[in-house]
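K.L.:
Given the coordinates of chain A, work out where chain B should sit on it, guided by the hints.
Those protein sequence lines, which keep their order, are chains A and B.
Residue 161 in the numbering used here sits at position 3 of the first sequence; the count goes up by one each step and never skips.
Residue 311 in the numbering used here sits at position 243 of the second sequence; the count goes up by one each step and never skips.
Incorrect hints may have been included.
[To be verified] Simulated crosslink set (DSS-like; lysine-lysine; CA at most 27 Å straight-line):
no. : chain 1 : residue 1 : chain 2 : residue 2
1   : A       : Lys314    : B       : Lys456
2   : B       : Lys137    : A       : Lys598
3   : B       : Lys466    : A       : Lys312
[As the list claims (entries may be wrong)] Covered stretches of chain B (in silico footprint by chain A; criterion: 3 or more residues with CB under 8 Å from a CB of chain A, positions within the stretch not fixed):
no. : region
4   : 274-287
5   : 439-452
6   : 459-466
7   : 503-510
8   : 514-520
[As the list claims (entries may be wrong)] A few chain A residues that face chain B, going by a derived Cβ cut-off under 7 Å, partial list only:
no. : residue
9   : Leu287
10  : Thr288
11  : Asn501
12  : Gln504
FYI, nobody ran anything at the bench for these hints, they're computed from the structure.
Beta carbons: idealized from backbone N, C-alpha and C, even for Gly.
Take a look at the letters that make up each chain.
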Amino acid sequence: MACRPSIISRGSDVGQSTFNMPPAQTESALPMVQPLLKEFQLLFYISKIAGILPQDLEKFRTKNVLEKSRNGMVYMLAMLIVYVLLYNILIYSFGEEDRTLKASQSTLTFVIGLFLTYIGLIMMGTDQLTALRNQGRIGELYERIRQVDERLYKEKCVVDNSHIGGRIRFMLIMTFLFELSILLATYIKLVDYTQWMSVLWIVSAIPTFINTLDKIWFAVSLYALKERFEAINQTLEELVATHEKFKLWLRGDHDTSSRTLDSSQPPEYDSNLEYLYRELGGLDMGSLKGSGKNKVAPVSHSMNSFGESIEASDKATHHPISVNMAHESELSNASKVEEKLNNLCQVHDEICEIGKAMNELWSYPILSLMAYGFLIFTAQLYFLYCATQFQSIPSLFRSAKNPFITVIALSYTSGKCVYLIYLSWKTSLASKRTGISLHKCGVVADDNLLFEIVNHLSLKLLNHSVDFSACGFFTLDMETLYGVSGGITSYLIILIQFNLAAQQAKEAIQTFNSLNDTASLVGAATEMDNGSSTLYDLVTTTMLTPTV
Amino acid sequence: MSPNTWVIEMPTQKARLHPYPRRISPYRTPSVNRYAFSHETPPPPPPPPPRTLEHPVFEDIRTIMSVLKASGLMPIYEQLSSHEVGPPTKTNEFYSFFVRGVVHALTIFNVYSLFTPSSAQLFYSYRETDNVNQWIELLLCILTYTLTVFVCARNTKNILRIMNEILQLDDEVRRQFGANLSQNFGFSVKYLFGIAACQTYIIVLKIYAVDGVITPTSYVLLAFYAVQNGLTATYIVFASALLRIVYIRFHFINQLLNGYTYAQQQRKKGGHRRQAAGATLMENFPEDSLFIYRMHNKLLRIYKGINDCCNLILVSFLGYSFYTVTTNCYNLFVQITAKGMVSSNILQWCFAWLCMHVSLLALLSRSCGLTTREANATSQILARVYAKSKEYQNIIDKFLTKSIKQEVQFTAYGFFAIDNSTLFKIFSAVTTYLVILIQFKQLEDSKVEDNIQDQQQT
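So that you can see chain A by itself, here it is in the shape it has in the complex:
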């Protein structure tokens, strides 16, 4: 998986590249940040048609919001019922072979097979019903993400959403590829397509397809969260980098400090330091020129992190341009940086909360997906083994007859599960990294006051936890992945061992029966010869004693 670092542009760059007009005008004309949902359009349309999301289509197209819709709900329920019906017809029409199978097969295999055939349906039902239940709350979630984006933008840390659309498209293409290849290969190779009922086989792909679409929503939203965490980390790291440069400049500057003392016009330093002055020195370019350009803040954000209005504190920090720029920046540094760090910390907390809320919304689908993944993976491998031993397997698992198709199906299923686990793990790692980045700030500044701030905030960060779990039963991280793979292996070994034992028992009986037949033949021959039937007796007694 590619973890591209999020593109972050500083305030000055934003002014030129992304937003060409001054922010004050932008705010009145356009929303400050592009909503994340804008990138979800394609996915939304496909999900809407497939009946995964009940939200209103028109509202999404015009305003990029997810809103409740009664019609969508009815459509979705109808789709769910149609799917369930079709799937049952499929099971019925393909189950005829299974009915003969039941007599020859052990009951356990049959029961497990029955369970396995329906788990896909259960998974699909969980997805759709959960989407129905959450239809109001998903919209809220994306609204919260938008607000976080706004706040991040105010801290001059812009998150780039543009490549999320590409990601969605890539995932969709992969899904189509996998589904189609599995479906077609199985249909051509393993289904008797002379009968028209065989067309129903297409239905067998519906549950996994719908499930994957639903999981793409989750995965991409999770990815977006991860990007926001990384954006925060990046901002902190950049603070560190610029401060290092600033320190270098200071060291160089002390030798020639007399020059800056008498300069009344703004000194000429390179663009990096210009940024730094705004960032660390509490002196905006706007405030330098005395204009009111720093009133970017929308109404809801006219307060700082302590709930006090920014205007007041701004007035207080509006120093006249002092003679010694470097000294001035160091002085006002702490309070300004403190506010910025505070804000970042709050945004971090908000993202963590969003992550928790998202996990909550998708907890049942994830649980069912994990159960499905585990069961299907084990079953497919076991049936592959059975197929190589020329034993009969349930008809819905006919793809196991072909190793190649099995490999594709397994990589598709495991890809889904592993990607989700991996992404959750990475996200919680990214959230934990913020503390490290924060500490770098404290170390590089080497200032007592800032150290105190950093200590205080890192204690807070320690308590922001975002751990993704499936209903609290297990957390989604690499440890669980390891556990699950261990579980699959041990189950496979148990199943195969018992299969072997049963097979050996069967063979023993068969050989015994055939031996019995030959023995009786021999006995008949000996009797015909009127000889002694000792051989017959011998054979029968030796063969019968162990079993009787």
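P.N.:
Chain B alone, transformed into the frame defined by chain A:
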């Protein structure tokens, strides 16, 4: 000193599915001093509602307490005042002692009769292994209950201490905020009824299943078996109820703290922009935070005390329950797949056992998980409080530093932590065992079938 005007209600069953059940009572009768969760000047006080001073303590779990008191598991305490309970009187103590003696005598009698052929009629099953299973189940049940009685007898003082601490804490909350922390413990009564119904049903099933005349010894055995099961289950429900009580207290202080978080502050600020009450929002913070820290510490001590009181019982109950669930699942499977000999009696029996044990396990792990999460949530909520002045920041830092490595957990005698993941682990273990058992059974069956075939052939 305001009257009981605050009631924190537990969310309903449906609302409890939500991750963060934060619901405060809708009827906000204003208190004399101020609201606990809002920091605004209260409207003029209404006439204080009448308050019954002879309000009995622990009224919420009265039913379950009386059952446990009658069976000698709980001391029959004396109520000294509205916030203190005293040790039981000599007569009551003697009564508890007497009941426990009777219980032990009965246990010995039962064990004796189990090993004599008189009880053989209760074990009639169609296969040898099933009888052994039932034996083990019986013995485990006896063991669990005996352990419960012993541990309870030993922990009489501790239980009283815990109860006193809870009552003191309540009293303090009442004095500080006029909030009366009570809630509807309807679930305990429901569980009590459920357990009683389950046990009666099981006995009736068993009596119907036994053929022939049942001897009095068997009746005693059966009845005592049911009582043992029922009382163990009741104790588990009681432990869950205690945990729920602690949960409500934790929830209260978390709610209190939540009023100071930046999101709440901003919301308030947004609502009352014109009032411009800048510093007043955090005005009460030092006072409240000290109170919260104290409460939190006390609650943690109570939580630990409860854990110490019942962890041995919990271990043995979890073991017993694991065994029962496994064997009953297995029996159920055997019954369903067996050709021709499906007995509805055994089916119902298995279902009754499974229902009881699974619901108890779910209840226990759920209340443990909820309480643990709420206890750990305090520091997370405190991390959301952003204070401007250094003094306040230091207050916050102190608590956060203290709670860095203070991971609160409810453990089963230190073996493992009990929460939702325990439920998951138990069920995955049950599945594994089931698969193995069923496979062995099939091997056995196929051998038996072959033998029959062979005998028919020869």
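K.L.:
Going through the earlier hints one by one, which of them does the structure break, listed in rising order?
P.N.:
2, 3, 4, 9, 10, 11
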